[in-house]
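*Asks:* Build out the structure end to end from the sequences listed, making use of the hints.
Counting from 1, one number per residue, gives the positions in the sequence shown under my numbering.
Incorrect hints may have been included.
Calculated cross-link-like contacts (lysine-lysine; reagent style DSSO-like; alpha-carbon spacing at most 30 Å) [to be verified]:
{"#": "1", "residue 1": "Lys687", "residue 2": "Lys637"}
{"#": "2", "residue 1": "Lys368", "residue 2": "Lys402"}
{"#": "3", "residue 1": "Lys573", "residue 2": "Lys523"}
{"#": "4", "residue 1": "Lys454", "residue 2": "Lys523"}
{"#": "5", "residue 1": "Lys393", "residue 2": "Lys437"}
{"#": "6", "residue 1": "Lys523", "residue 2": "Lys687"}
{"#": "7", "residue 1": "Lys592", "residue 2": "Lys704"}
{"#": "8", "residue 1": "Lys402", "residue 2": "Lys454"}
{"#": "9", "residue 1": "Lys489", "residue 2": "Lys408"}
{"#": "10", "residue 1": "Lys616", "residue 2": "Lys687"}
{"#": "11", "residue 1": "Lys393", "residue 2": "Lys433"}
{"#": "12", "residue 1": "Lys646", "residue 2": "Lys687"}
{"#": "13", "residue 1": "Lys402", "residue 2": "Lys489"}
{"#": "14", "residue 1": "Lys408", "residue 2": "Lys437"}
{"#": "15", "residue 1": "Lys433", "residue 2": "Lys446"}
{"#": "16", "residue 1": "Lys704", "residue 2": "Lys662"}
{"#": "17", "residue 1": "Lys592", "residue 2": "Lys454"}
{"#": "18", "residue 1": "Lys573", "residue 2": "Lys616"}
{"#": "19", "residue 1": "Lys695", "residue 2": "Lys646"}
Label-pair ranges, simulated between beta-carbon atoms [to be verified]:
{"#": "20", "residue 1": "Gly442", "residue 2": "Phe599", "range": "58 to 64 Å"}
{"#": "21", "residue 1": "Arg40", "residue 2": "Tyr270", "range": "34 to 40 Å"}
{"#": "22", "residue 1": "Tyr270", "residue 2": "Ala313", "range": "19 to 25 Å"}
{"#": "23", "residue 1": "Thr438", "residue 2": "Phe379", "range": "28 to 34 Å"}
{"#": "24", "residue 1": "Asp376", "residue 2": "Ala343", "range": "58 to 64 Å"}
{"#": "25", "residue 1": "Leu341", "residue 2": "Phe389", "range": "56 to 62 Å"}
{"#": "26", "residue 1": "Glu284", "residue 2": "Arg40", "range": "44 to 50 Å"}
{"#": "27", "residue 1": "Asn382", "residue 2": "Val267", "range": "54 to 60 Å"}
{"#": "28", "residue 1": "Arg318", "residue 2": "Glu487", "range": "55 to 61 Å"}
{"#": "29", "residue 1": "Arg106", "residue 2": "Ile80", "range": "25 to 31 Å"}
{"#": "30", "residue 1": "Pro659", "residue 2": "Asp543", "range": "22 to 28 Å"}
{"#": "31", "residue 1": "Ser329", "residue 2": "Trp436", "range": "51 to 57 Å"}
{"#": "32", "residue 1": "Lys646", "residue 2": "Asn382", "range": "25 to 31 Å"}
{"#": "33", "residue 1": "Arg593", "residue 2": "Gly442", "range": "52 to 58 Å"}
The hints are simulated quantities; they were obtained by calculation from the structure and are not laboratory data. Glycine is no exception: its CB is placed at the ideal position from the N, C-alpha and C atoms.
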Amino acid sequence: MNDIISFSPILILVAIGLTFMATYTALDLFSLIHSNESNRKFLFIGGTFSLGIGIWLMNFIGMLALNIEGSGNYHIIFIILSMLFGICFTGLAFLNIIDKKMSYRRILIGGFFLTLAVLAIHITGMFAIGKLITFHPILLMISVLLIFLSFSFSLWLLFFKKHVSKRHRSWLKPVSALIMTGANIEGYLLLIRASSIQSAFQPLINIEPGSYAIYLLTFVGFVILGGMVGSSSVTNKKLSASDHLLTDIQSALDKSSIVAITDPKGVITYVNDKFVEISKYSREELIGKTHSILNSNYHPSSFFEDLWTTISAGETWRGEIQNRAKDGSLYWVETTIVPFLNANGRPYQYVAIRTDITPLKTAEIHLKESLKEVSDITFALNQSSIVAFTDAKGKILSVNDKLCEISKYSREELIGQDHSILNSGYHSSSFFKDLWKTIGSGEVWKGEIRNRAKDGSFYWVDTTIVPFINESGRPYQYLAIRNDITERKQSEELLHRQDKLAAVGQLAAGVAHEIRNPLTSMKGYAEFLLLDEQNDERREFIDIILDEIDRVDSIVEDFMVLAKPKAIQLEEKNIIPIIENVISLLEFEARKRNVNIHFEPEEPIIQIECDENRLKQVFLNFIKNGIEAMPGGGTIKIKIENMDEKLTISIQDTGVGIPQDKLMKIGDPFYTTKKNGNGLGLMVSFKIIESHNGKVYIESELNKGTTFNIVFPLKTA
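*Replies:* Shown next as structure tokens:
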């Protein structure tokens, strides 16, 4: 049989108030979990306990308010069990939501557990007062569905904030708390309406409803007050920490950066002390103005148009700006402008954070000017000089194009090598020892060096080597600046040789007549003897004497040429018999010295324009020198090559050779490598070859021999 039910509005109002306070406290604690890492467990337990008690309150105070018969008698175990059910199911509901990726599935699961909490508290509460309940199925299903939907909607509203603008999020928590409170109220009322209540047993404890209500309300009040105090304490602690953090950040920002805030139109609303300090304007002069007050006119209008386009679109702008202070001085700032957006996604203010980079920009400008100056100097140096850098050990680090050009080596072939790759062998080892001694002590070395290019040609460079000194006072690299002086050295050599030739000419002019007089007598008597001589062998000997007298006369004539040059008479001749004639003249002497002369021309006729007698003198000198260079005997090979309209005659011996330091002096007047020579023979020979538009190249290697390469313009038959 149904129990008699009466209504107490005061207790209903108290139950609603306490349930709302407990629910709001729980939601407040849950909302702090994401922002307070250190108190996560406390907040979760506190929120779960507060909301569980809030759901439990509605059931028991509601029973007091409805004054169900026997509601003043309670079974203590079921009371505690109903509380635990409410707390546990509430914990499961929010454990499913807190720190999880939000989805509708999780919202529905949370609503399901909260609905179970209401059902468990209601049923267990009835057992606590010794009542059995039976439910009307349709009313029960409708009641459970309404409770479930109410709880699910409140959770959706609270945790799906992305559907609500920031401006309206402040009322989400109280609205959600109100909906959950309503869900508790309707849950209790609907479940009472859907159930039939009957007595089941006599409770263990009998307490007067009035006194029980006082104790219960007092207990619940303390619980809710404790939750609110705890929530407020955590909130205040968090706000205090946030305030300290913001204060520290602002203090650090003010000390390190220039800060300004403007409204959407760019009007300044706030500036810090560093802004005032660098701009030389007072705070009153700046606030209410735009940043055009600082415009230095350095940047074009398009620069600021791009800036405004960026920040107006809600994007952060970064860049460097030159401003003008109140006193007219210019300064540079590295600027970051951050737009703050309203609910509509439009900027409602801008925060500009700047750093003074004037010293850096000044240094950058000076650096650019210095680099430009260095670049100009480097360009001029590269256009006029041969430049190379080497490390402390002389390994080449870099070279310019002019060094590659004059040396005939590529940059890859030079880098990593030392300058010995260019050694011509002209300078002695002591020369380079002195050079390294000078630059190794940190002093600049200057001098002239003859180098050999990749193709074997020689060139002279006027060289300055500058050592770069490290902190220890030792060279860590060297800069070599060279200028090509090959033409100057050739001119000096030519002048030097001409001076010597002039001296020889003067000597020759003085003795020429004295030489010619006995020659004339010798020639006359030889011709007289030839008239009476009948013996063919002796006539041949006399003819040789006459030929040699003519050759001596020609030599005297050459000496006269040195004193007073005259044009030679060139005739087209076959060079082969000329060389064979000279070989026959020296064949006897060669046999005496155990020297073998090889001459096997590939062609019988090779025509050139020449003076036969003078060429004989040249070949005689070169072959004779080769014989004398082989005191122990040897071989002389004479080769003729016809190539590229040039005729090359090579006279190669296997003698002692000529040292490299003496090779360049061969042909100088009065310079000779022979003990009894005077150097005039080769000098005259070189002069004769030059008069034939020819050139002489000498190759020699010690103890392996010497080769004279004579090159003439070719005249084919």
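*Asks:* Work down the list of hints and note, for each, if the structure agrees.
*Replies:* Now the hints, each set against the structure:
Simply put, Lys687 and Lys637 have alpha-carbon atoms about 24 Å apart, close enough for the 30 Å limit, and the pair holds. Annotation: proposed proximity of Lys368 to Lys402 holds, straight-line Cα distance about 27 Å (limit 30 Å). With a C-alpha separation of about 26 Å, the suggested pairing of Lys573 with Lys523 holds against the 30 Å cut-off. Taking the CA atoms of Lys454 and Lys523, the gap is near 54 Å; set against the 30 Å cutoff, the hint is violated.
Straight-line distance between C-alpha atoms of Lys393 and Lys437 comes to about 13 Å, which keeps the hinted pair within the 30 Å bound. Taking the CA atoms of Lys523 and Lys687, the gap is about 27 Å. The hint holds against a cut of 30 Å. For a cut-off of 30 Å, the pair hint linking Lys592 to Lys704 stands: about 22 Å separates their Cα positions. Only pairs whose Cα atoms come within 30 Å are accepted, and Lys402 paired with Lys454 is accepted, the gap being roughly 14 Å.
In summary, the hint linking Lys489 to Lys408 is supported, as the alpha carbons are separated by about 20 Å, within the 30 Å threshold. A distance of roughly 14 Å separates the Cα atoms of Lys616 and Lys687; the hinted pair therefore holds under the 30 Å criterion. The straight-line distance between the Cα atoms of Lys393 and Lys433 is roughly 13 Å, inside the 30 Å bound, and the hint therefore holds. This hinted pair checks out: Lys646 and Lys687 have alpha carbons roughly 19 Å apart, not beyond 30 Å.
Distance check on the hinted pair: Lys402 and Lys489 sit about 19 Å apart at the alpha-carbon level, within 30 Å; holds. Distance check on the hinted pair: Lys408 and Lys437 sit about 29 Å apart at the alpha-carbon level, within 30 Å; holds. For the suggested pair Lys433 and Lys446, the alpha carbons sit about 14 Å apart, so the restraint of at most 30 Å is met. Our distance criterion of 30 Å between C-alpha atoms is met by Lys704 and Lys662, whose separation comes to about 16 Å.
For the hint pairing Lys592 with Lys454, the CA-to-CA distance comes to about 42 Å; that exceeds 30 Å, so the pair is violated. With a C-alpha separation of about 12 Å, the suggested pairing of Lys573 with Lys616 holds against the 30 Å cut-off. Our distance criterion of 30 Å between C-alpha atoms is met by Lys695 and Lys646, whose separation comes to about 11 Å. Separated by about 59 Å at the C-beta atoms, Gly442 and Phe599 satisfy the suggested range of 58 to 64 Å.
A hinted range of 34 to 40 Å holds for the C-beta pair Arg40 and Tyr270, which are about 36 Å apart. The given range of 19 to 25 Å is respected by Tyr270 and Ala313, whose C-beta atoms sit roughly 23 Å from each other. The hinted window of 28 to 34 Å between Thr438 and Phe379 holds, with their beta carbons roughly 29 Å apart. The given range of 58 to 64 Å is respected by Asp376 and Ala343, whose C-beta atoms sit roughly 59 Å from each other.
Checking the proposed 56 to 62 Å range against Leu341 and Phe389 shows it holds: the Cβ atoms sit about 57 Å from each other. Checked against the hint of 44 to 50 Å, the C-beta distance between Glu284 and Arg40 comes to roughly 48 Å, which is consistent with it. Distance hint check: the CB atoms of Asn382 and Val267 are about 56 Å apart, consistent with the given range 54 to 60 Å. Arg318 and Glu487 have their C-beta atoms about 60 Å apart, which keeps the hinted 55 to 61 Å range intact.
The hint said 25 to 31 Å for the Cβ distance between Arg106 and Ile80, and at roughly 30 Å that hint holds. Taking 22 to 28 Å as the suggested C-beta distance range, the pair Pro659 and Asp543 does not conform, at roughly 42 Å. Taken as a hint, the range 51 to 57 Å holds for the pair Ser329 and Trp436, whose Cβ atoms sit roughly 54 Å apart. For the pair Lys646 and Asn382, the supplied restraint of 25 to 31 Å is violated, since their beta-carbon distance comes to about 36 Å.
Distance hint check: the CB atoms of Arg593 and Gly442 are about 57 Å apart, consistent with the given range 52 to 58 Å.
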